[in-house]
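K.L.:
Sequence:
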Amino acid sequence: EVYFRKLSKQKQKEIMEKNGNNHKLRVCVATCNRADYSKLAPIMFGIKAEPQFFELDVVVLGSHLIDDYGNTYRMIEQDDFDIHTRLHTIVRGEDEAAMVESVGLALVKLPDVLNRLKPDIMIVHGDRFDALALATSAALMNIRILHIEGGEVSGTIDDSIRHAITKLAHYHVCCTRSAEQHLIAMCEDHDRILLAGCPSYDKLLSAKNKDYMSIIRMWLGEDVITRDYIVALQHPVTTDIKHSIKMFELTLDALISFNKRTLVLFPNVDAGSKEMVRVMRKKGIEHHPNFRAVKHVPFDQFIQLVAHAGCMIGNSSCGVREVGAFGTPVINLGTRQTGRETGENVLHVRDADTQDKILHALQLQFGKQYPCSKIYGDGNAVPRILKFLKSIDLKEPLQKKFCFPPVKDNISQDIDHILETQSALAVDLGGTNLRVAIVSMKGEIVKKYTQLNPKTYEDRLELILKMCVEAASEAVNVNCRILGVGISTGGRVNPREGIVLHSTKLIQEWSSVNLRTPISDALHLPVWVDNDGNCAALAERKFGHGKGIENFVTLITGTGIGGGIIHQHELIHGSSFCAAELGHIVVSLDGPECLCGSQGCIEAYASGIALQREAKKLHDEDLLLVEGMSMKKEEVVSAAHLIQAAKLGNTKADNILRTAGTALGLGVVNILHTVNPSLVILSGILASHYVNAVKDVINRQALSSVKTVDVVVSNLADPALLGAASLVLDYTTRRIY
Numbered sequence: 001e002v003y004f005r006k007l008s009k010q011k012q013k014e015i016m017e018k019n020g021n022n023h024k025l026r027v028c029v030a031t032c033n034r035a036d037y038s039k040l041a042p043i044m045f046g047i048k049a050e051p052q053f054f055e056l057d058v059v060v061l062g063s064h065l066i067d068d069y070g071n072t073y074r075m076i077e078q079d080d081f082d083i084h085t086r087l088h089t090i091v092r093g094e095d096e097a098a099m100v101e102s103v104g105l106a107l108v109k110l111p112d113v114l115n116r117l118k119p120d121i122m123i124v125h126g127d128r129f130d131a132l133a134l135a136t137s138a139a140l141m142n143i144r145i146l147h148i149e150g151g152e153v154s155g156t157i158d159d160s161i162r163h164a165i166t167k168l169a170h171y172h173v174c175c176t177r178s179a180e181q182h183l184i185a186m187c188e189d190h191d192r193i194l195l196a197g198c199p200s201y202d203k204l205l206s207a208k209n210k211d212y213m214s215i216i217r218m219w220l221g222e223d224v225i226t227r228d229y230i231v232a233l234q235h236p237v238t239t240d241i242k243h244s245i246k247m248f249e250l251t252l253d254a255l256i257s258f259n260k261r262t263l264v265l266f267p268n269v270d271a272g273s274k275e276m277v278r279v280m281r282k283k284g285i286e287h288h289p290n291f292r293a294v295k296h297v298p299f300d301q302f303i304q305l306v307a308h309a310g311c312m313i314g315n316s317s318c319g320v321r322e323v324g325a326f327g328t329p330v331i332n333l334g335t336r337q338t339g340r341e342t343g344e345n346v347l348h349v350r351d352a353d354t355q356d357k358i359l360h361a362l363q364l365q366f367g368k369q370y371p372c373s374k375i376y377g378d379g380n381a382v383p384r385i386l387k388f389l390k391s392i393d394l395k396e397p398l399q400k401k402f403c404f405p406p407v408k409d410n411i412s413q414d415i416d417h418i419l420e421t422q423s424a425l426a427v428d429l430g431g432t433n434l435r436v437a438i439v440s441m442k443g444e445i446v447k448k449y450t451q452l453n454p455k456t457y458e459d460r461l462e463l464i465l466k467m468c469v470e471a472a473s474e475a476v477n478v479n480c481r482i483l484g485v486g487i488s489t490g491g492r493v494n495p496r497e498g499i500v501l502h503s504t505k506l507i508q509e510w511s512s513v514n515l516r517t518p519i520s521d522a523l524h525l526p527v528w529v530d531n532d533g534n535c536a537a538l539a540e541r542k543f544g545h546g547k548g549i550e551n552f553v554t555l556i557t558g559t560g561i562g563g564g565i566i567h568q569h570e571l572i573h574g575s576s577f578c579a580a581e582l583g584h585i586v587v588s589l590d591g592p593e594c595l596c597g598s599q600g601c602i603e604a605y606a607s608g609i610a611l612q613r614e615a616k617k618l619h620d621e622d623l624l625l626v627e628g629m630s631m632k633k634e635e636v637v638s639a640a641h642l643i644q645a646a647k648l649g650n651t652k653a654d655n656i657l658r659t660a661g662t663a664l665g666l667g668v669v670n671i672l673h674t675v676n677p678s679l680v681i682l683s684g685i686l687a688s689h690y691v692n693a694v695k696d697v698i699n700r701q702a703l704s705s706v707k708t709v710d711v712v713v714s715n716l717a718d719p720a721l722l723g724a725a726s727l728v729l730d731y732t733t734r735r736i737y
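Each residue of the sequence shown is one higher than the one before, starting from 1 at the first, in full-length UniProt numbering.
Honestly, the hints are just simulated from the structure, not real lab data.
The beta-carbon is built from N, C-alpha and C at its ideal position, and this holds for glycine as well.
Keep in mind that the hints are not guaranteed to be accurate.
[To be verified] Listed below are the simulated SDA-like cross-link pairs for lysine to any residue, each with C-alpha atoms no more than 25 Å apart in a straight line:
id, residue 1, residue 2
1, K442, K246
2, K282, K442
3, K246, C187
4, K387, C187
5, K357, I256
6, K455, G443
7, K707, D622
8, K357, F258
[To be verified] Ranges of calculated distance between the beta carbons of each label pair, as one might list FRET restraints:
id, residue 1, residue 2, range
9, M213, N514, 24 to 30 Å
10, V478, P518, 22 to 28 Å
11, E101, M213, 41 to 47 Å
12, A49, M213, 27 to 33 Å
13, A49, E101, 36 to 42 Å
14, K447, E101, 17 to 23 Å
15, K707, K617, 56 to 62 Å
16, Y449, K242, 37 to 43 Å
17, N551, K447, 32 to 38 Å
18, I83, Y449, 50 to 56 Å
19, K647, K368, 52 to 58 Å
Given these sequences and hints, build the entire structure.
P.N.:
Here is the structure:
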C-alpha cells in the first residue's frame with residue numbers, strides 16, 4: 001500500500017508537469033435525476049475536497065427541475081454544491097415521443113453551456129436518455145468523457161443507451177469484473193478502463209445512523225418497527241409500456257393484500273410513468289392507511305429505510321445493486337434488471353403476470369436477512385476514481401482507439417490502474433489442523449496458514465477470526481480482492497443459516513455453532529459454511545474431474561469417510577442437511593462398531609481410524625512388522641504402517657486392506673443403485689489404495705446398467721480448501737422464481 005501510494009504520487013507529479021504545473025483539471029459533472037446524483041455525489045465531494053488538483057462545475061438538467069418529481073436539485077444545493085447551470089430539458093408527456101423530444105431539446109441547449117464552461121473532461125453516469133444527450137454533445141465538441149457504470153447489462157432500452165454512451169466515452173469506470181470484460185469485448189482500450197466499484201457503496205458501507213428509527217417513523221409512521229415494512233420502487237419499461245403498467249397494478253394489488261406498511265416511491269420520468277401514477281391514484285394508494293406515497297427521499301435517509309426494511313419490491317436498479325450491501329430481501333419484478341449481477345438476497349419474478357405469484361414472492365422474502373453482498377463495490381471507489389482522473393494526460397490525442405479482437409484473456413494493468421484478482425478466503429476445520437487460505441478464481445492457493453485446531457469452542461473461534469483477519473490483510477499485499485469467506489467443517493451443517501448443527505467426535509465443542517454471524521461481522525464479508533464432504537464435491541465440480549459433469553459422487557477417504565453428491569449440476573443437501581453421509585452406509589449387520597454408534601458402516605471398515613485400529617491389534621499380537629519395517633519405541637501405530645506392511649508382503653495386513661476396499665466398494669454399489677451417477681471420484685489420502693478394489697466390487701456386484709461408471713482418483717491437492725473457496729467463487733448469484 002505504501003509503495004502503491006508513493007508510485008501514485010510520483011505519476012501524478014509527472015502528469016502535472018506534462019499538463020502544466022499550474023493547470024487544474026476542469027471537471028464538469030452533469031446530473032439528470034435523483035438516481036444518478038446518488039452515484040455522482042460521492043465523486044463530486046471527492047473532487048471538491050482536492051481544489052489543488054480540480055475545478056468542479058455542476059450542470060443540472062432533466063427531472064431534477066420538475067416539481068412532480070420532487071425538485072431534487074434542492075438536495076444538490078443542500079450538499080453545498082454551486083450549480084453553474086440549470087437546463088430545463090424535459091418535454092412533458094411521459095411517452096416515447098416526449099423522450100425523443102427531450103433528448104433533442106438537451107442537444108439544442110447543451111452546446112452553449114459547454115462553450116462557456118470549456119471543461120477538460122465531462123463525467124456522465126449510467127444509461128438515461130438525458131445522459132445520451134450529454135455524451136453526444138461532449139463528444140461532438142471534442143470534450144473528453146468519463147462514463148460511470150458502463151459495461152453492465154440490465155434488460156431494457158437502457159442497455160442500448162448505456163452501450164452507445166460507452167462508444168462515445170474516452171474513459172470508463174465500471175463496477176464489476178463482468179462489466180469490465182464486457183467493455184473489453186466491446187473493443188474499448190483496457191488501459192482506459194478502471195474497475196473501481198460503485199461510488200454509492202462508499203457511502204453505503206460507511207453509513208452509520210444510530211437514529212434510524214426516527215427516519216423510519218418520519219416516512220412510515222410512529223407505529224412502524226424495523227423489518228416490518230416494505231419499500232416499493234417500480235419504473236415503466238419503455239420497450240413494453242402496456243405490460244409494465246399491468247404489472248404495476250398487480251404489484252399494488254398484492255401489496256394491499258399482503259397488508260404491511262409500505263413506502264411507495266413515484267416512478268421516474270420515462271415513457272409510461274404518467275399512466276403508472278394514474279394507477280396509484282385509481283387504487284387510492286396516496287390515502288390508504290397502509291401506504292405512504294412520496295416523490296423523493298434524500299439518499300442518506302433512503303439508505304436507512306432500505307437497510308432496515310422487511311423487503312424491497314419493484315424493478316429499480318437500486319434493488320439489485322445497492323440494497324445487497326445490507327442483505328435486505330429484494331423481489332425484482334419483470335425483465336428490467338434481470339441481466340444484472342445480483343446477490344443471494346434477490347428473488348426474480350420475471351413473469352409477474354398474476355397477483356398470486358407476486359404475493360407468494362412476498363411471503364417467501366419478507367422478513368428474511370441475507371448475507372451482505374459486495375458485488376458492486378468495497379467502499380473505496382472514489383479514491384480510485386480521483387487517482388484515475390489525475391492520471392489523465394490532456395496532451396494525449398483526443399481521438400479514441402479501439403482494441404479489436406482477439407481480446408486478451410488476462411489483461412495486465414499498469415499499477416496505477418491496479419485491479420485485484422478476485423479471490424476467496426477458504427477455511428478448513430479438520431480434526432487436527434485449522435487451515436486458512438487465499439484462493440484465486442482459478443483455484444490457485446495464493447497463501448496458506450496452518451495452526452493446530454484448539455480443543456475448546458472459544459479458542460477455536462478466536463483463532464479462526466485471527467487467521468482470517470491476518471489473511472484478509474495479506475490479500476492486499478498479494479493483489480487479491482476477497483469476495484467472501486467459505487468454511488469447510490466436519491459434521492452436519494445448515495448452509496442456509498451458516499450453523500454447525502452438530503459435529504463428529506473428532507471436533508469437540510462444535511454443536512449448534514453459528515459461524516456466519518461473528519465472522520461476517522468481523523470481516524464485513526459474506527460467509528458460507530458447509531460440510532467438508534460437500535465442499536470436496538464442490539471442489540471437484542469447479543476445479544477437478546467433476547467439471548462439466550451433470551451427475552457425480554465424491555467420496556473422501558481419510559480419517560473418516562464422507563462425501564458429496566452432485567445431481568443435475570447441483571449439490572444435494574437433503575431435508576435435514578444429512579444427505580451424502582456416505583461413510584455411514586451400512587454394508588454388514590454384524591460388522592465392527594462405528595463412531596456414530598451403529599455397526600458395519602463403511603467408516604468402521606475403511607476409514608483411517610478403522611485401519612489404525614486394526615494395525616494396533618496386529619502390532620499388539622506382534623503380527624504387524626515384517627522384514628524391511630521398523631518402528632521407534634515411542635512411535636504411534638497408524639494406518640500408514642498397515643499399508644506399508646501389506647506392500648511388504650504381510651498377508652494379514654493385506655487381508656484387512658482388501659476387506660476395507662470391499663466394504664467401500666459395496667457402499668459405492670449402493671450409491672450407484674440409488675442415484676446412478678456417471679462418475680465416482682475417490683478423494684483423500686487412502687483413495688489410491690482403494691480404487692482398484694472398488695472397481696472389482698462394482699464389476700462383481702453392480703447391475704449391468706451401472707457397471708460402466710467411471711471411478712477415478714481425485715487430482716486435487718486440497719479439496720477441502722478449494723471446496724470452501726468454491727462456495728464463494730462459484731456461488732449462484734441469481735435466483736429465479
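K.L.:
Hints the structure violates: just list their numbers, smallest first.
P.N.:
Hints 1, 2, 3, 6, 7, 14, 15, 16 contradicted; others consistent.
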